[in-house]
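There are 6 protein chains.
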Amino acid sequence: MRENKTKTIWAAGGEVLTGWLAIPSSLSAEMMAQQDFDAITIDMQHGCADYADTLSMLQAISTTDRTPFVRVPWNDPAIIGRVLDAGAYGVICPMVNTADECKAFVEACRYFPLGGRSVGPIRAGLYGGSDYFANANDTIITMAMIEHKDGLANLDAILSTPGLNAIFVGPSDLAVSMGHTPGFDPKWDDVIDAIQLIAERCEAHGVIPGIHVGSVEYGQKMRDMGYKFQAFQSDFRMLQVAYANALPAFRAGKSS
Amino acid sequence: MRENKTKTIWAAGGEVLTGWLAIPSSLSAEMMAQQDFDAITIDMQHGCADYADTLSMLQAISTTDRTPFVRVPWNDPAIIGRVLDAGAYGVICPMVNTADECKAFVEACRYFPLGGRSVGPIRAGLYGGSDYFANANDTIITMAMIEHKDGLANLDAILSTPGLNAIFVGPSDLAVSMGHTPGFDPKWDDVIDAIQLIAERCEAHGVIPGIHVGSVEYGQKMRDMGYKFQAFQSDFRMLQVAYANALPAFRAGKSS
Amino acid sequence: MRENKTKTIWAAGGEVLTGWLAIPSSLSAEMMAQQDFDAITIDMQHGCADYADTLSMLQAISTTDRTPFVRVPWNDPAIIGRVLDAGAYGVICPMVNTADECKAFVEACRYFPLGGRSVGPIRAGLYGGSDYFANANDTIITMAMIEHKDGLANLDAILSTPGLNAIFVGPSDLAVSMGHTPGFDPKWDDVIDAIQLIAERCEAHGVIPGIHVGSVEYGQKMRDMGYKFQAFQSDFRMLQVAYANALPAFRAGKSS
Amino acid sequence: MRENKTKTIWAAGGEVLTGWLAIPSSLSAEMMAQQDFDAITIDMQHGCADYADTLSMLQAISTTDRTPFVRVPWNDPAIIGRVLDAGAYGVICPMVNTADECKAFVEACRYFPLGGRSVGPIRAGLYGGSDYFANANDTIITMAMIEHKDGLANLDAILSTPGLNAIFVGPSDLAVSMGHTPGFDPKWDDVIDAIQLIAERCEAHGVIPGIHVGSVEYGQKMRDMGYKFQAFQSDFRMLQVAYANALPAFRAGKSS
Amino acid sequence: MRENKTKTIWAAGGEVLTGWLAIPSSLSAEMMAQQDFDAITIDMQHGCADYADTLSMLQAISTTDRTPFVRVPWNDPAIIGRVLDAGAYGVICPMVNTADECKAFVEACRYFPLGGRSVGPIRAGLYGGSDYFANANDTIITMAMIEHKDGLANLDAILSTPGLNAIFVGPSDLAVSMGHTPGFDPKWDDVIDAIQLIAERCEAHGVIPGIHVGSVEYGQKMRDMGYKFQAFQSDFRMLQVAYANALPAFRAGKSS
Amino acid sequence: MRENKTKTIWAAGGEVLTGWLAIPSSLSAEMMAQQDFDAITIDMQHGCADYADTLSMLQAISTTDRTPFVRVPWNDPAIIGRVLDAGAYGVICPMVNTADECKAFVEACRYFPLGGRSVGPIRAGLYGGSDYFANANDTIITMAMIEHKDGLANLDAILSTPGLNAIFVGPSDLAVSMGHTPGFDPKWDDVIDAIQLIAERCEAHGVIPGIHVGSVEYGQKMRDMGYKFQAFQSDFRMLQVAYANALPAFRAGKSS
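Sequence order for the protein chains is U, A, D, S, H and F.
Heads up, the first sequence is in the numbering used here, so the first residue is 1 and it goes up one at a time.
Heads up, the second sequence is in the numbering used here, so the first residue is 1 and it goes up one at a time.
Heads up, the third sequence is in the numbering used here, so the first residue is 1 and it goes up one at a time.
Heads up, the fourth sequence is in the numbering used here, so the first residue is 1 and it goes up one at a time.
Heads up, the fifth sequence is in the numbering used here, so the first residue is 1 and it goes up one at a time.
Heads up, the sixth sequence is in the numbering used here, so the first residue is 1 and it goes up one at a time.
Don't read these hints as lab results, they were simulated from the structure.
Treat the hints with care, since some could be wrong.
[What the hints assert, rightly or not] Derived CB-CB ranges, DEER-like:
| id | chain 1 | residue 1 | chain 2 | residue 2 | range |
| --- | --- | --- | --- | --- | --- |
| 1 | S | A157 | F | S160 | 50 to 60 angstroms |
| 2 | S | A11 | A | A11 | 51 to 61 angstroms |
| 3 | H | A153 | D | T181 | 33 to 43 angstroms |
[As the list claims (entries may be wrong)] Beyond 10 angstroms from chain D on every Cβ pair, some chain S residues (computed):
| id | residue |
| --- | --- |
| 4 | K5 |
| 5 | W10 |
| 6 | P24 |
| 7 | D131 |
| 8 | K149 |
| 9 | M178 |
| 10 | Q196 |
| 11 | R223 |
| 12 | G226 |
[Said to hold, decoys possible] Below, a list of computed lysine-lysine pairs in the DSS-like style, where the Cα atoms sit at most 27 angstroms apart:
| id | chain 1 | residue 1 | chain 2 | residue 2 |
| --- | --- | --- | --- | --- |
| 13 | A | K221 | A | K103 |
| 14 | D | K149 | H | K103 |
| 15 | S | K103 | F | K103 |
| 16 | H | K149 | U | K103 |
Quick caveat: nothing in here was measured; it's all calculated off a predicted structure.
Glycine is no exception: its CB is placed at the ideal position from the N, C-alpha and C atoms.
Work out the full structure: start from the sequences and follow the hints.
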């Protein structure tokens, strides 16, 4: 089975940087996959790709060696099974707030005897290879989102879920659930403490901690805390900000 | 009929700045249309939108007051008619190298007696209003591309075409046709001279000169030459460059 | 945040009339939105729009000031979150038969602390504005369907759900659950009594009553009962009936 | 090869009524095909269906025995070949103004030795049958549009084109080319005379005359003139008018 | 209501053969429907069709008299309702492991009083006819998948579900749940025994047994066991194998 | 620039085998690209892929090292430019019957000074690399179809076109133009002679001869004649034949 490059990097103690796709286009997906990322994540929750878009975007990503991840819209075995059969090598599941939810998520990603995923890896077989079934349970990354104070309260129980590979912190939702406002890179002490705690408990449980960040500085801070998987902005947001920054200068006609 | 804001700006001596859409997505189109542009151009030639994408992108643009332009793939009355019926208020036609080609292009955009456009403005009627037919010939902008030395050689004849509103210079193709390499913002003297000449002849003929630029500095230079319509980069290129610039810093972890 | 025009009309005691879209086309959606409706509802349950269609149809509706509603296929937080992030200002949820189901529905539409909606309003931010998060809980309309005798039996409990704005009666399904046949505008006494009761209990609870009707006469009857939100036919049904009525005359060649 | 029902009706002296599809949806297409039409025409010129839509709409129409027609965007052998290979049994070609244009159109629809159509009827073989090639030249209907005074001037030459089966009058464009305004059912004397003349010359040449009409009365007038193929309104226009007519009454609450 | 041909064949003691569609294309769907099958199943679980594809594929199948089935991605009333409204005459539900799951599945397919399906058969009404509601409960086939040893353990309880018409064995998943490897046509004794048992218990309960097979020989074995519904390979797998078998010979240039 | 593997094989005297895609699906495209082909051709003429399908199919093919070809619908610079910008490394142009047509085709594929292709290789730059412009004229394969006796009559003139790399014989259309019936692998003497002649003249002009075949035996015959590029059947036809052959046996229940 084709190697999961993200797992290989983690095994070597390295850090994985993922692109984040909210624009439902295989064209921008392929361009993003040629940037210096290790992985590319299609966001089916807050991004606008539906299943048909996701299929063609996964194919576009597969023109490179970036690990293809999908954030599914919800903890639902139907869509989890479909994106895995479409060739995702990692699944990010939103709003995992209890150990039971985490167990349901992980089992949706695993074949018997570790879970209840049904066998039929149509494009996954093309992408992963003919020995996909034999190796999928060891290759596919399960990544549960901690993005609510309820999940935080159940952190150790969630992290004890057999077969859970990684955590993805949603700092914006987490801050909201703690009474703050949303946005990239929250700086309230209680949120920072929570993010720090997640990293520590992940390390204690042998689970990889990941997080979504919006700036170089915050990314460095997360790196220092031990985060080994970082999503940096998104295609949509990066483009929005790039033009918002550039147009006043263009209108003003500043010279170089 | 709904006003053509770009014509209004030009009538007041102002400059029109257009966004340029190569990514075939109505989501990014709507976000681009909320940036500080006056117009938004869907590029069906080198961009990846087909007709169905273009239709939904025109609708997305129409949530704002930006003037919707389409660059058609070729000087072909079939696609020109279709994008006009879909609600484009300006058409940019590639590779207009002779007066005959220019005449054919303009006539494809105009109703009788000024041209041969067939009547049936299905979405154009929704967008423009019930008096669309009566006013379309005066409202729709025809913009021919000068992007080849052959077009340059026939410049005055092209500019004399009745009903031609504007010229759009393709500096990259123009430079290539003069023996140089492609890219934004060519700086060879002969190309600069040609671009200058086009602006001057446009002014002499009462035709608006437009151009595609890649930087603030070049844009200012074009403004100084008299260009009144500028496309600045494209969504695809801006996103590509933004990540290419940002990722080394992110990897390096520079602090603020 | 952009005003929810439907809420404004209700606040002034007025009636809201919604178009109903079953045809999955952004073209017909835009045309319908130009008719004299106050709102436009995309029906993802019995209509044929999937998520990608819905996204482009929401954009088409947003070229006007009609309030965009979506009837989701089911009481499922995944699709509720996705249509809200796509810019729906109202969500109609089918088959709400218990207070628990109603609570789950409302919480899927509300941000913390009123619910569990995850933050990431990608197109909703474009449509609603940059202050979307701060105002969404007060702006988004939650509308639960009473369309089964079980829901009727639990009416007061359902109407007591905090954050529930409105009820949408499905008269056809309601009649079926009471042993009758389906169709627009049921006239059995027990169904009429139920519809009357819903309007009365809504008024008692400060919840807006809405309903789907098929004729002017029935609409007037509902208006008299106090219904403040009415869907009138659907694009699909209106077109079907229009041709069914017109063709015999055309075949017969009646003169005017 | 499957019978062309329209040809059969014509052979028996009967009249063919066609539905007209401007909305790019296979759902509304299938519903329209269940109405009492003899044929269904997909309008790729002023309607919004692109090729992919057309393919699925042709399949939807093929669930019934209605003859599938396509109006192509332009007199272009590429799209003519594609819609024929997709199973169209009739092609309507816009703006045929000269005999040469008519000859080019007809030859694009005919296999050797009558024309230059390339062989590869992929879906046409599914729809027409395995003997498609042997019978296509006799089965496929070629219908040229007379919709300009130039075409009128060349009428007899156009009607003399070998292999031309029918004419389709575009009364709106024709009126425009004669100095009038567009719209259904023009009533200016010179236009009426032209329409009458076309019917007469068609009969003289053994070519079937067809026309697009907007009302029962005008349809009867055309029938009286000898028109044997009539398109009645369009899905888009019928729906638009139906709601425009119905909503004031609904708002006013007239009783039955 | 249009006859369900599969039910008719079963009533006469006959066997139903279904095509299996994993490729999301209405073109290949129509071609498959012209093969000598009795039914055609669109696989939305392991195949790649999403809802929009399924709609157009159902239309393509409806150009023939093959019974249209859909395997839904999961036991979820939202998607079950949508594919029924789109015209599916049979629903295959994956991973039915308990009687409660089976009951939920069947009720999602049945109108009141047999279940909770909401009324609004938009395309189903076009396909089935205007008396769809009155006859749907008797016409639509419910087919639960037994594909796990847990389902096997609850076999009699599942088969006792009122309104369940048929069982579809997933031999590959079933074998996996019994500790074997996946693939067509498992030959381990315990799996064979289980498949035999299912056929026997189905007969005892008056439920039709069905199964997915990969070869003529295995199909015969299943026929001998009493299986009355067989899916043979899939479009995707058949094409893959056909080229895999043909290309070595082509490369080698064997003569006939 | 990424190597054109087909050119490399030809340079070494080898034979290139291409898959042929008529089904408009990126899923089947990716599976076909994993078969033992050297190239994969998307057929936009008689196959059913439109531009949007072609873009995603090119991406699917690019997950492998197969050379991506597109057969365009017609000799039209608009679509030729678009498929090249989408990353096609070879273009097959139908019905090239004269030297002028061949020159127009080749020039549409070549940048200045060899042709008039406009510069803007959006996905081609992703696929080919940043030095795409500098190397495209030497890398892209131009392949004109000889498929009519008129083309045969002008064979030497066509083969003399500067920049023409290869010929693709359409044996079915060629046979038709010579008075025979269409189909794979024509065996009439005059057609065989013509095919032989084309191979010989190609060799004389240093142009690669290619052809579409339907069987191993015919392929060997073409190989013996010197054909260095062969398309073998198509996905659509292979699937159609595979089931047509398999189902009678399945129905009959032959044992192994």
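Quick rundown of the hints versus the structure:
1. Here the CB-CB span from A157 (chain S) to S160 (chain F) is close to 38 angstroms, at odds with the stated 50 to 60 angstroms.
2. Between A11 (chain S) and A11 (chain A) the beta carbon distance is about 60 angstroms. The supplied range of 51 to 61 angstroms therefore holds.
3. About 41 angstroms separates the C-beta atoms of A153 (chain H) and T181 (chain D), a value consistent with the hinted range of 33 to 43 angstroms.
4. Every CB of chain D lies more than 10 angstroms from the CB of K5 (chain S), the least distance being 16 angstroms, so the non-interface label holds.
5. Under the 10 angstroms C-beta cut-off, the non-interface status given to W10 (chain S) relative to chain D holds; the minimum distance is some 17 angstroms.
6. Some Cβ of chain D comes within 10 angstroms of the Cβ of P24 (chain S); the nearest lies about 6 angstroms off, and the non-interface call is violated.
7. Residue placement check: D131 (chain S) keeps its beta carbon more than 10 angstroms from all beta carbons of chain D (closest about 33 angstroms).
8. Remark: the non-interface label on K149 (chain S) is consistent with the geometry, its nearest Cβ contact in chain D lying 29 angstroms away (cut-off 10 angstroms).
9. Distance to chain D confirms M178 (chain S) as a non-interface residue, since its nearest Cβ pair spans about 24 angstroms, more than 10 angstroms.
10. Here Q196 (chain S) stays apart from chain D, with its beta-carbon at least about 18 angstroms from theirs, past the 10 angstroms limit.
11. Non-interface call for R223 (chain S) relative to chain D: violated, since the shortest CB-CB distance, roughly 6 angstroms, does not exceed 10 angstroms.
12. For G226 (chain S), the non-interface assignment is confirmed: its Cβ lies about 14 angstroms from the closest Cβ of chain D, beyond the 10 angstroms cut-off.
13. At roughly 30 angstroms between alpha-carbon atoms, K221 (chain A) and K103 (chain A) are farther apart than 27 angstroms, so this suggested pair is violated.
14. Taking the CA atoms of K149 (chain D) and K103 (chain H), the gap is about 20 angstroms. The hint holds against a cut of 27 angstroms.
15. Simply put, K103 (chain S) and K103 (chain F) have alpha-carbon atoms about 25 angstroms apart, close enough for the 27 angstroms limit, and the pair holds.
16. The straight-line distance between the Cα atoms of K149 (chain H) and K103 (chain U) is roughly 20 angstroms, inside the 27 angstroms bound, and the hint therefore holds.
Checked against the numbered hints above, the structure violates hints 1, 6, 11, 13; every other hint is satisfied.
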